[in-house]
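Okay, here's what each chain looks like letter by letter:
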Amino acid sequence: METPLIRLVNVHKRFGNKTVLRGISLDIMEGKTTAIIGKSGEGKSVLLKHIIGLMQPNGGEILYREKPIKEMSREETRVFRNKMSYMFQGCALFDSLNIFENIALPLKEGTQLSPSEIKKMVGERLRQLDLEGTENQYPSQISGGMMKRVAMARALVTNPELVLFDEPTTGLDPIRKNAVHSMIASYQKELGFTALVVSHEIPDIFHIAQNIIMLDEGQIVFSGSSEEIQTCETPVVRQFLRGEAGSMFID
Amino acid sequence: MTMHESPTQGSGILHSLGAIVLYRIQLAGHFTLFLAAGFYHIFSWPIQIRKILQQVYFIGAKSLLVIFLTALFTGMVLGLQGYYSLVSFGSEAFLGSAVALTLIRELGPVLTAIMVAARAGSAMTAEIGILRISEQVDALKTMNIHPVRYLFSPRLAAAIISIPLLASVFNVVGIIGGYLTGSKLLGVNPGVYFLRVESSILLSDVTGGLLKSLVFSIVVATVCCYQGYFTHRRKNSFGSKSVGLSTTSAVVQSSVLILITDYILTSILL
Chain A
1 METPLIRLVN VHKRFGNKTV LRGISLDIME GKTTAIIGKS GEGKSVLLKH
51 IIGLMQPNGG EILYREKPIK EMSREETRVF RNKMSYMFQG CALFDSLNIF
101 ENIALPLKEG TQLSPSEIKK MVGERLRQLD LEGTENQYPS QISGGMMKRV
151 AMARALVTNP ELVLFDEPTT GLDPIRKNAV HSMIASYQKE LGFTALVVSH
201 EIPDIFHIAQ NIIMLDEGQI VFSGSSEEIQ TCETPVVRQF LRGEAGSMFI
251 D
Chain B
1 MTMHESPTQG SGILHSLGAI VLYRIQLAGH FTLFLAAGFY HIFSWPIQIR
51 KILQQVYFIG AKSLLVIFLT ALFTGMVLGL QGYYSLVSFG SEAFLGSAVA
101 LTLIRELGPV LTAIMVAARA GSAMTAEIGI LRISEQVDAL KTMNIHPVRY
151 LFSPRLAAAI ISIPLLASVF NVVGIIGGYL TGSKLLGVNP GVYFLRVESS
201 ILLSDVTGGL LKSLVFSIVV ATVCCYQGYF THRRKNSFGS KSVGLSTTSA
251 VVQSSVLILI TDYILTSILL
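For the protein sequence lines, the chains are A and B, in the order given.
Heads up: the first sequence is residues 1 to 251, going by the UniProt record's numbering.
Heads up: the second sequence is residues 1 to 270, going by the UniProt record's numbering.
Chain B with its partners taken away, still in its complex shape:
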């Protein structure tokens, strides 16, 4: 019997594995279609300028404080760590280059996107999720209002506008943070610090960083809105619990996807 059972068990595992793979592919397709619909409706007439501006205020302007604090302390830590690493080689004059390049190429776009996912992305998921479980999304459909256009497109457009701008603010504040610890605290010449910042940054570093921010903004808005929009399809929970779990999934998935995308983009850009 054991001999007969083994192939059956083996094919059972293969069957389950196949089902999981197919489900994941289907999910990826569904996600892509959701993103495509969101993009399409950004430009469908009439353009929802007012709603986009409201979301730019929520995602962008209201995230400024958290971005400022994160950037300042990240820059300050980079200043400290960079100084003590460089001073052992007698190269502390290059602190400005180290801080600026680390921020502009990597930490600025990545940390900005993760902070926006945590602050605004989680709110997007919770808000859309509650609209879904209380039949408000269905109510939109009955009024002939396209829910993706009404709920997702303005948020996607606003994220695309806001996140690269926030990343730029992050970079500037971070460089100032590095200056505070490097020059004010540890004595690196301020003129040398800023000279190195200016001379080491190339246009390709800035455009590369902005390109990353642009991609991350699409990742954050799409993952967070998708999780909220399809919160009712979660298999393991219902109602308010599903909104809570969707919000957690949105932040975790956005953060992980940001880091994976960052690796892929860095490999391409370098």
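One chain only, chain A, in its complex shape:
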């Protein structure tokens, strides 16, 4: 049986009295694109932040290639973190650095590469993401769609093993949305990374993700392939896919 790249076992997370994750267990398979869907505020971004290490669970375990993250030594944690990258929902670009410096930052601070090698690698990502000519501009001088692409370039510049995308298409027009989805799919094939995408784009996300996980009230209510979810008869899943409010607002 194939070993998952990341495994979550019974992960719980509370913020004060509010429980956001209630026993999440899932496997993220290597080389695949996994999408996490669900209503807003159901803990999807919180789940990603647990995997990248920005948040610690109140209960349960997160394993990387079957090794619990909390049992890793400092060096192992550093190596593990270097294999991941995260594309933030709001891009989180450094507003005082220009586009080139933003994309180059993880290479400049986290590797021993020479300036010419960094320039070459950043140039390659700029070209791939159609950002040539924007190197000297600042994030406030470019459009929202371009910011998403810069954030993606920064996430991919280190050639990570696992990329976590937190709502990469939110706020984009339909054309840009499709372009971002295509980029995720094509780079995932080209570079071979494992992708975990939090998305609200139904049904578009089903075309790029092999595995779908749906969260509802801090629990997994569906886990399966993109074909299986479309035939799933579970009421909460059907309701979400059809975009019905149900009892959500009545509560």
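To be clear, the hints were calculated from the coordinates, so they are not data collected in a lab.
Please note: incorrect hints may appear among the correct ones.
To be verified - Cross-link-like lysine-lysine pairs, in silico, PhoX-like; alpha carbons within 20 angstroms at most: (1) A:Lys18 x A:Lys49; (2) B:Lys235 x A:Lys18; (3) A:Lys49 x A:Lys83; (4) A:Lys83 x B:Lys235; (5) A:Lys108 x B:Lys141.
Given chain A's structure and the hints, the job is docking chain B onto it.
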């Protein structure tokens, strides 16, 4: 019932007081750990020379004008006040000693640190605070870049380098300010003024003043960066409002801590 209520109320107050004390102790511990991490990362390899120099330029070189003006007018006021106080005892010849010692021992280090807190410290808090609320600090963590090393250590190192140097500039300009009012305006013999300056200052006065500046630089950089770095933990506000309040707190806390530390250091040094 009143008899039963009193002890409950009393223990309630004690409980609240205890919680406040524990919270403050926890905060002090947190602050100390932040400072220790900042110090550690100044020397962690590779040393961030370029970033430290950029901050020395921002904290040091760009504060020169404000330090020059503050020092000049402080020295001039000291010259005026000192002259009129000393002349009633017929001791105006000691004006140079009074101005120089007041500046080198006390006003130079204290006013320099307060001016740097107001000019550069507030900017540090606002900049780091905005990085925090816009998830840029989290972005650093996801890139495996230590945020304390990247944001705090260069500023701490630069403050340690810049503030004692600025205080020295303050002292020199202040002594010249005292000379302008004392000698040029009020007629104290310039030779006597500078002779008194030279003869009254001991090496211990200079080293004491520099030691104070060194401690104040750590206070300013740590308080201002700490306020910005943990701006998201403020209980009474969120977002841009919390950055504004953190900036205010940083300047107020730095200034008060500078004066408290000054008292403690003066008691030890005298």
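Check each numbered hint from earlier against the structure, then list the numbers of those it violates in ascending order. Those not satisfied come down to hint 4.
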